[in-house]
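> Read off the chains here:
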Amino acid sequence: MTMQKSKLQFTPIKLHFSQQKIPIYFLTILGINLILSPLVQASTGGILSRGQSYALGLLGLVTVSLFVYLFVVIFQPERF
Amino acid sequence: MLKKRLLRSERRHTPKAKSKGLYSRAIKQAFVKLDPRIAIKNPVMFLVWIGTIVTALVTINPELFGDIPDNNPRFFNGLITLILFVTLLFANFAEAFAEGRGKAQADALRATKTDTTARKILPDGSTSDVSSTSLKRGDQIKVIGGDIIPADGEVLGGMASVDESAITGESAPVLKQPGTDIASSVTGGTRILSDELLIRVTSDPGKGFIDRMIALVEGAERSKTPNEIALTVLLAVLTEVFLIVIATLPAIANYVNSPVSIAVLIALLVALIPTTIGGLLSAIGIAGMDRVAQFNVIATSGRAVEACGDINTLVLDKTGTITLGNRLADEFIPVNGHSLEQVAQIALVSSIFDETPEGRSIINLAEKLGAKVNFDPNTANGIEFSARTRMSGTDLTNGQEIRKGAVDAIKGFVRSRGGQIPSDLNNAYESISRLGGTPLAVCQGEEIYGVIYLKDIIKPGIKERFDQLRRMGIRTIMLTGDNQITASVIAQEAGVDDFIAEATPEDKIEVIRAEQAKGKLVAMTGDGTNDAPALAQANVGVAMNSGTQAAKEAANMVDLDSDPTKLIDIVTIGKQLLITRGALTTFSIANDIAKYFAIIPAMFASVGIGSLNIMGLASSQSAILSALIYNALIIPALIPLALKGIKFRPLTADQLLQRNIFIYGLGGVIAPFIAIKIIDLFVTAVGFV
Numbered sequence: 001m002t003m004q005k006s007k008l009q010f011t012p013i014k015l016h017f018s019q020q021k022i023p024i025y026f027l028t029i030l031g032i033n034l035i036l037s038p039l040v041q042a043s044t045g046g047i048l049s050r051g052q053s054y055a056l057g058l059l060g061l062v063t064v065s066l067f068v069y070l071f072v073v074i075f076q077p078e079r080f
Numbered sequence: 081m082l083k084k085r086l087l088r089s090e091r092r093h094t095p096k097a098k099s100k101g102l103y104s105r106a107i108k109q110a111f112v113k114l115d116p117r118i119a120i121k122n123p124v125m126f127l128v129w130i131g132t133i134v135t136a137l138v139t140i141n142p143e144l145f146g147d148i149p150d151n152n153p154r155f156f157n158g159l160i161t162l163i164l165f166v167t168l169l170f171a172n173f174a175e176a177f178a179e180g181r182g183k184a185q186a187d188a189l190r191a192t193k194t195d196t197t198a199r200k201i202l203p204d205g206s207t208s209d210v211s212s213t214s215l216k217r218g219d220q221i222k223v224i225g226g227d228i229i230p231a232d233g234e235v236l237g238g239m240a241s242v243d244e245s246a247i248t249g250e251s252a253p254v255l256k257q258p259g260t261d262i263a264s265s266v267t268g269g270t271r272i273l274s275d276e277l278l279i280r281v282t283s284d285p286g287k288g289f290i291d292r293m294i295a296l297v298e299g300a301e302r303s304k305t306p307n308e309i310a311l312t313v314l315l316a317v318l319t320e321v322f323l324i325v326i327a328t329l330p331a332i333a334n335y336v337n338s339p340v341s342i343a344v345l346i347a348l349l350v351a352l353i354p355t356t357i358g359g360l361l362s363a364i365g366i367a368g369m370d371r372v373a374q375f376n377v378i379a380t381s382g383r384a385v386e387a388c389g390d391i392n393t394l395v396l397d398k399t400g401t402i403t404l405g406n407r408l409a410d411e412f413i414p415v416n417g418h419s420l421e422q423v424a425q426i427a428l429v430s431s432i433f434d435e436t437p438e439g440r441s442i443i444n445l446a447e448k449l450g451a452k453v454n455f456d457p458n459t460a461n462g463i464e465f466s467a468r469t470r471m472s473g474t475d476l477t478n479g480q481e482i483r484k485g486a487v488d489a490i491k492g493f494v495r496s497r498g499g500q501i502p503s504d505l506n507n508a509y510e511s512i513s514r515l516g517g518t519p520l521a522v523c524q525g526e527e528i529y530g531v532i533y534l535k536d537i538i539k540p541g542i543k544e545r546f547d548q549l550r551r552m553g554i555r556t557i558m559l560t561g562d563n564q565i566t567a568s569v570i571a572q573e574a575g576v577d578d579f580i581a582e583a584t585p586e587d588k589i590e591v592i593r594a595e596q597a598k599g600k601l602v603a604m605t606g607d608g609t610n611d612a613p614a615l616a617q618a619n620v621g622v623a624m625n626s627g628t629q630a631a632k633e634a635a636n637m638v639d640l641d642s643d644p645t646k647l648i649d650i651v652t653i654g655k656q657l658l659i660t661r662g663a664l665t666t667f668s669i670a671n672d673i674a675k676y677f678a679i680i681p682a683m684f685a686s687v688g689i690g691s692l693n694i695m696g697l698a699s700s701q702s703a704i705l706s707a708l709i710y711n712a713l714i715i716p717a718l719i720p721l722a723l724k725g726i727k728f729r730p731l732t733a734d735q736l737l738q739r740n741i742f743i744y745g746l747g748g749v750i751a752p753f754i755a756i757k758i759i760d761l762f763v764t765a766v767g768f769v
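These protein sequence lines are chains A and B, in that order. For the record, in the first sequence the residue sitting at position 55 is 55 according to my numbering, with numbers rising by one throughout. For any residue, its number in my numbering is found by taking its place in the second sequence, counting from 1, and adding 80.
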């Protein structure tokens, strides 16, 4: 009995991730925030709750992302 | 003034776009454009988009980022969220409305494009009925009276009148025949009224003239122009600076013991970044393209329209642009001892195959003087005019060669046949030239009979238009095949800055290159195949719709009415586009001063800078809301100006700058102070805060 070649086309994982940039960025930001939020909570002397420091860390990272985004607009305006 | 109005009312248009449904479609699109993948294309409005999300989160949970001292923060944050969301919708609406006008026009054009059956000529000479969509470049087809021409093409045989109203709006039929530069190109979608034509298809399916027009007015090929890119960079830099200021502000606020909530910081950021121009920027560009389309001109890109605004030099053909196209024969001047009747007879025979208005007028004048055709025209051979020989005529069966043309060309012809140049020829030539007329010599074989006086009429009002262009710093160069004396008389009467007489098509490209070498941007019009290289070389090349396919493909604009004078209008629209963009940018940035004075004192009222509240706003919350409401409302308030463009005035660049800084700079500083105060009174009276 001969094996039938599968008609399903698989996308290589590397290619799949290179095509899905936005979820990767989100995941990276959330991952970094796991390190950043305890630092935020510690630096505020415990005034902020864990949720608040997590939200504040996330807001800081969004702001940094916006910095980077605006720099990309400034140096590669034709992309926008 | 009345004349100008009349001219405008006479102007024809492409199939009109239906305005019905334009608003509802724009409102729907305003929501569709909230998609982050679309929003990210506009950096200023993308920050507002992110700001709206964050304020929405602090509306749901006011203590998301820390404890808040304010009372009822949820309602205040909710109001800020709502205003930011409306700001986004207004900006999206402005863009969608401008795009919608183009899309509606594209729909109107699409309605004229129908799938028809074409009679394709097979290699064996027989015909086969095929769908118009299967026709390819190079196919030969036959169309007969009543048919819709299935594709763009070049006429190879036959003669027929064609109704081109589907694309030009002009109801008078146009005669199409092979061999001539002007009348040999046909457009798919137009209707042949009588007789039949043999056509070679010049475009592949989906790439015809109407298809290109649809793609252009729809904005499918729209890419940012250099000026828009430069402005986007400026706006991104300003936004980056304000983002840094706002991101570092909480540290200062905490230091002076006046903590600020995240919602207020976002409100301040949105008030300071140039949202007005950020929201209207693409609408201004699209509206510029649309204004050109309203003039019945199709631009290949926004870049071409914008380039019009920077034009320094206009290269204009005399005939049709500066003078009325149809010169008429006014007088015959005999030379070499010939009689007036003899000249009339030779002029008549030389023009018998000449279908141009000039040729017809020579025949009419000759017939009035009693000349008659005394041979069978079917046995004679017509010699067509060409730019190189600069003469036309008739070869009779008895071997006689009768010619008419430029005096120099006829002199050369007569010499080549062994003839002599009569001494009184130059006097006749000069007397006509000094009157600004065009002298045409007529000869039979080696003998010159006389000179025809073709009267040129300068278009009314053209001198004033050139004066306006001069004031705007635009140089005009007239090109003409006429001799030096005629050209100088016409140039002086019309008020052009420079002229080139006895010009050949190659001279056009030389003039353009010479001007460009001096760093100038050049615009020109053209219609013949000879003009194609010059149209491609010019920064703005406007081809006439009646012109050849080669000219239309080389140009970056096509004038559907084939009116060369329109080049001046197009330059005006380009300037208007740049001025509108500059003025609204100035206004948007000038607005910041009032918004700054509204929000900063409100934020830091507790640290003793209340004296900065020069508008006397009721409370810190009402001040922030008033500034944001003004910020949102100014976008729809300026949509009509962005779409219509600032009224164009023929002033120098310095005068325009002074005027616009005064109106939009000073106005941009004063207007928001008044508006924010009025909104503050309203917000307080209604009891929002």
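Hints may be right or wrong, so weigh each one.
[Said to hold, decoys possible] Here are the simulated EDC-like pairs of lysine to aspartate or glutamate, each with C-alpha atoms no more than 16 Å apart in a straight line:
(1) B:LYS304 x A:GLU78
(2) B:LYS543 x B:ASP410
(3) B:LYS491 x B:GLU582
(4) B:LYS121 x A:GLU78
(5) B:LYS535 x B:ASP410
(6) B:LYS491 x B:GLU435
[Stated by the list, open to error] Derived coverage of chain B by chain A (criterion: at least 3 residues anywhere in the stretch with Cβ under 8 Å from a Cβ of chain A; other residues may be distant):
(7) 111 to 123
(8) 317 to 327
No wet-lab data here; the hints were simulated from the structure. All C-beta atoms in this analysis are idealised placements derived from N, C-alpha and C, irrespective of residue type, glycine included.
> None of the hints should be skipped; say for each whether it holds.
Hint check results:
Proximity of B:LYS304 to A:GLU78 is assessed by CA-CA distance (about 7 Å); at most 16 Å being required, the pair is judged to hold. For a cut-off of 16 Å, the pair hint linking B:LYS543 to B:ASP410 is broken: about 24 Å separates their Cα positions. Between B:LYS491 and B:GLU582, the direct Cα distance comes to roughly 15 Å. Compliance with the 16 Å bound is thereby established for this hinted pair. Between B:LYS121 and A:GLU78, the direct Cα distance comes to roughly 10 Å. Compliance with the 16 Å bound is thereby established for this hinted pair.
At most 16 Å may separate the alpha-carbon atoms for a hinted pair to count; B:LYS535 and B:ASP410 meet this at roughly 6 Å. The suggested pairing of B:LYS491 with B:GLU435 is violated, with an alpha-carbon distance near 24 Å, which exceeds 16 Å. Beta-carbon proximity to chain A at under 8 Å applies to 4 residues in the stretch 111 to 123 of chain B; the threshold of 3 is reached and the given coverage holds. A count of 6 residues in the stretch 317 to 327 of chain B with a Cβ less than 8 Å from any Cβ of chain A is obtained; the coverage claim is therefore met, three being the minimum.
Hint compliance for this structure: hints 2 and 6 are broken, all remaining hints hold.
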